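Chains as they are written, first to last, in our numbering: chain A, 1 to 277; chain B, 1 to 586; chain C, 1 to 270.
If you're looking for bench data, these hints aren't it; they were derived computationally from the structure.
Check the hints yourself; a few may be wrong.
Chain B regions said to be covered by chain C (calculated; three or more residues, Cβ under 8 Å) [as the list claims (entries may be wrong)]:
| hint | region |
| --- | --- |
| 1 | 6–20 |
| 2 | 57–68 |
| 3 | 145–158 |
| 4 | 262–273 |
| 5 | 348–360 |
| 6 | 382–389 |
| 7 | 399–412 |
Beyond 12 Å from chain C on every Cβ pair, some chain A residues (computed) [said to hold, decoys possible]:
| hint | residue |
| --- | --- |
| 8 | V25 |
| 9 | W86 |
| 10 | I216 |
Looking from chain B toward chain A, a few residues come up when the C-beta cut is under 10 Å (computed) [stated by the list, open to error]:
| hint | residue |
| --- | --- |
| 11 | F394 |
| 12 | H433 |
| 13 | N437 |
| 14 | P438 |
Bear in mind that the values here come from a model prediction, so they are computed numbers and not experimental data.
Each residue gets a CB set at the ideal place from its N, CA and C atoms; glycine is no exception.
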Amino acid sequence: MAQISTNQSSGYKPEPAATPTSLMVIAGVAFLALFAGWVFIYGWLAQTLPGDDNLVRGVLSALFWLMVFVVVLVAVRTSNIAFTSWQTRDILLLALVAAAFGPLFVQWQTIYAGLSGLLRQWNDIAQGFWFLPAILVPYIIRRPGAALFAETLAASVAVLAGSPYGIVGSAVAGLVQGMGAEVIFMLTGWRRYNWPTLALAGTASAITGFVYQWPIYYPGLDPTLLAIMALSFVIGVLLLAVIPGKLLGDALLATGVLDRFQIGRDRRTQAAASEEF
Amino acid sequence: MDVPLALPLAVEGLRLRYPHESRVVLRGVDLTLRRGEVKLLLGPSGAGKSSLALTLNGLIPHQMEGDIRGRVLVNGTPTTVTTLAALTSQVGMLFQDPEAQLATLTVADEVAFGMENLLVPPAEMAGRIHAALDRTGLQGLEGRGTNALSGGQKQRLALASTLAMGVSILVLDEPTANLDPVGTSDFFKLLAHLKAEGVSVLIIEHKLDELVEQVDSIAVLDWEGKIALDGPPRQVLAEGRDLLEQLGVWLPQVCDLANRLLDRGLAVEPYPLTIGEAVAALSQLVDTGGPSTSSEDMPQPDRSNLLTIESLSYRYPQGEQALREVNLHIQEGDFYALLGPNGSGKTTLAKHLVGLIRPQAGTIKLAGKDLTRLPPAMLSREVAYVFQNPEHQFVALTVYDELAYSLRALKLPEAEVKARVDRLVEEFGLVEHSRSNPFSLSQGQKRRLSVATMLALEAKVLILDEPTFGQDHENATRIMRELQRLNAGGVTIVMITHDMKLVGEYARRAGVLIAGRARYNGSVAGLFADDMLLREARLDLPPVYEVSRQLRATRGDFPLCLSVDRMVEEICSRSGISRAAASSTR
Amino acid sequence: MQSFRYQPGSSVLHALNPSIKLLTIAVVVVAITFIFDVATPLTFLLLTILSMVVLGRLTLGQVLRSLTPFLLIVLSIVVLNTIFHRPLASETPIFSFGPLTVSWEGLEIGLSIGLRVLFLVSTSLLFVATTEPQEFVLSLVQQARLGYKLAFALLVAYRFVPLFAEEYANIQAAARVRGIGSGQGFFARVRSLRRDAVPLLASAIRRSERLAVAMDSRAFGAHPSRTYRKTMKVTRADWLFFFGTLGVSAVLLAVLLAAGLTRGMGVLFQ
């Protein structure tokens, strides 16, 4: 009697990377443009608005905050949709890497403290390290939302675990920074994770991060100093998030723990492609 | 409707291969589990036991990539045509790592977790949570934080959560691997309860001494990815003993004993699974045998003290008093076991010995010199410490660089470094892996590498935290042989462990800590004789020692045996089988 | 750092719905953030501290202890903004050293920004200290419609923070035992950070895979939605708190405005 055997191939199918809709692209680019231009837009509005009541100009600035809260709201509301394509494994990698950054961030704080004297007005370079999850996690799992949620989660966990910077200084900051990097990854269709893409994502993240912090911590600063700070953010993110992020990702790939994540699959595909030649 | 009559689990000709991997993991597995049956699945590490487990509730292929052929039937329905939600409410799974079983912050929420995923109405939950906690012996802990539980409690909690989902089939993948003897014993007792309730259980496990009495059948998965043996425990263990030995799986210690005697041509009838059966089978042998010609245990020669710990006390900044006036002496060239329940201060003590913690009160002397005066770099060359998790110690990208790391840090010439590293990879069987990434090694290789890295500096004292934790029998034996060889070469070995079989087989002297106090410091034989202390320290005597003790009760001249080796030698000599004759039968 | 965490207790603030509490804080923050004087942020800072003590049943000592670690950061912000602000229309110098001049107006700007940051921090303290993390996440799902998968990511991450802190300490200890000191210099610290990051993250990634299997085995993600043992409700008390806070804030702002103490951000652009 012939053995009855059914042949089932895997029910699991890796999601094809999503293609961003034109609406997403427009919204993303608008987000970046608004953040990149806000310092100038604000300056211009404040100069040209009629009337001498300072309150009007002050309240105008609340516009920025409304903008931030809209971003928060959009992120929360889309979290359901964004995660439908995620495997539990990816979600938990996001969670546990965020948790593991807890002690690493604490360690960085001690280094940061020692660094502040050395760098003078370029001090904010040291802030680049906080952007690391926004590079490392998308580099590993390569899915829509990875940068946004990794950075938000790492920052939110820090708040729950006792970061004194709190909700405004850490959690929302993380969300805004993550959004900056996410837009760049989206523009590549969540397909390209090479040096230029990562550098661009880091730069976008640094700019949004700076523009978010500007009205909170140094709204009255001298423009030259402000420019130096903005530049420090970008340099810092490139030096302390983009480069270590990719190197760390590659080092982890070499250990074999990432074999079942998208980065591992991509490497196998690459290896297979090069073998045929 | 014939569903109620269907077997809870039936695996038919299952083949499994992971995509992108050339190796076929499972090649035609056939397996059944009857209602209320407890089946033990044995096999060497890497044979595919865990992969098989993952197919049983449909995680492969529903959630994880894997090409399967053949069928897995849960209560008569193939997993491929059932939804994951339906499967998870029939088959509960539990894995090794207690930390990685829990998703929430409190006990009640954890039990509710599975039900919530299955859309159980909240009103029903309280009752089901209560019942599940009752069944797993966790009643009254509803509000407790999950981080405050012991490893054993965590495992039982994860089990409670699956039971609350209504499962009647459990697949347990080394559930006690990370538990201490007390947690393990409690878990097995719970298993007996569940079996009595009619739950069907497939368990992958390697701590068999206690478990073997509870299982109805044993299946053995071989290197080929096939079921090589399947049947009642006694039959599988007795008839399959050659295969099981080849596969290098852990066996109950009395089976080890019986196998060794059978190898020497002695009849051990009937084949024993438990201490009582072993005593019965061996009494005949001992009775028929002549008087003993073997010498009594040689008294240990007293050597000079290498490590002297005097009135050492330590309180953690959080307020926990970890050590109280501890006095211990470890002799030069000793093989020393440091024992005690969880949280008794063993690790804190060990951390003092390598300078990770400085003493708050008391002194530690290494060969007469105050240990705290030694600079850290010097100390690390004298005393080496192998952590429980080998990966924590890895710093380099290849095995070679890993071994060379400390040597290069000492600025030794590269030729000297190469010579030493080459010798180490040779000694520890890592030659063909010297270019591999340390993290990508197997569990056994990682452990050997971590021991080798610590020996690169040729330390006098080697401290190991649970050296055989999570290792299969073959690797564990290999590591312990390695340690014996080092010990013979003059290295003092200190091992922190819960495993009394290991202590009996390898250690010469032992120390016991209970609640931060040193309660024993002396020979292993002396420790084993102190029942009161062992009970207080929650340590179980090795089965072979129990057997020898019960034999001695009826025959006063039978010596107490700490290890299987000693017992085999004794019985053989009584039966008139000489060493030479015995070795020729192997 | 330790004290900036959830403090179990029963009080008006503890009983509030976390989402409503967060919304209330957000609205007040937006309303006063861009007012640019010393009196307003100081008033609201005191209001926040007062409500923590009265409504949250935290002791004044607890609150002040939690805020002190941040004072250094606030001080640096004050100094930075006092000295390096953009040129103002009129400045009354207090003193100067070298090319730097400290003026009353500059000090006012510095102080107002510093106090505002301290106010933001105090609102976070109010929230974190009186909100049980698990209830917060539940409320985010049930009221703010956060996806439950992300919510669990947050919860699981929170659960693992102390475990990884312990593991990190172990990894550092392992390095020290190998005679690899963590070093004191800046580069030595960066090197050790890099060295320790790989084992820590590798372990985190392994754990994440195992936990994923454990959670999948208990039907996590099997349905697009799930039920919850605990239901977070929004009660009349929550709305009372919301509108009450808004009302009090509005009155305070009106009083400050009437007293002529309020200034907008336009002060920077005269």
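**Request:** Apply the coverage criterion to the region 262–273 of chain B and chain C: a residue qualifies when its Cβ sits closer than 8 Å to a Cβ of the chain, and three qualifying residues are needed.
**Result:** violated (count 0)
**Asked** Has the region 6–20 of chain B got at least three residues whose CB is nearer than 8 Å to a CB belonging to chain C?
**Response** violated (count 0)
**Request:** Mind checking the CB of F394(B) against every CB in chain A and telling me if the closest is under 10 Å?
**Result:** holds, 9 Å
**Message:** Please verify the coverage claim for the region 382–389 of chain B: does it have three or more residues whose C-beta sits within 8 Å of some C-beta in chain C?
**Reply:** holds (count 4)
**Asked** Would V25(A) pass as off the interface with chain C, using Cβ distances and a cut of 12 Å?
**Response** holds, 23 Å
**Prompt:** Count the residues of the region 399–412 of chain B with a beta-carbon closer than 8 Å to any beta-carbon of chain C: does the count reach three?
**Reply:** holds (count 3)
**Request:** Please settle this one: W86(A) was flagged as non-interface, so is its CB more than 12 Å from every CB on chain C?
**Result:** With a cut-off of 12 Å, W86(A) comes too close to chain C, as the shortest Cβ separation is near 7 Å.
**Message:** Can you confirm whether chain C covers the region 57–68 of chain B, using C-beta to C-beta distances below 8 Å and requiring at least three such residues?
**Reply:** holds (count 4)
**Request:** Report holds or violated for chain C covering the region 348–360 of chain B, Cβ cut-off 8 Å, minimum 3 residues.
**Result:** holds (count 4)
**Request:** Go through the hint on H433(B) and say holds or violated, using the shortest Cβ distance to chain A against 10 Å.
**Result:** violated, 13 Å
**chain C versus I216(A) - minimum CB to CB distance exceeding 12 Å, so not interface** = violated, 7 Å
**Prompt:** the region 145–158 of chain B covered by chain C? Criterion: 3 or more residues, Cβ-Cβ distance below 8 Å.
**Reply:** Held - the region 145–158 of chain B has 3 residues with a Cβ nearer than 8 Å to chain C, which meets the minimum of three.
When held up to the earlier numbered hints, the structure conflicts with 1, 4, 9, 10, 12 and fits the remainder.
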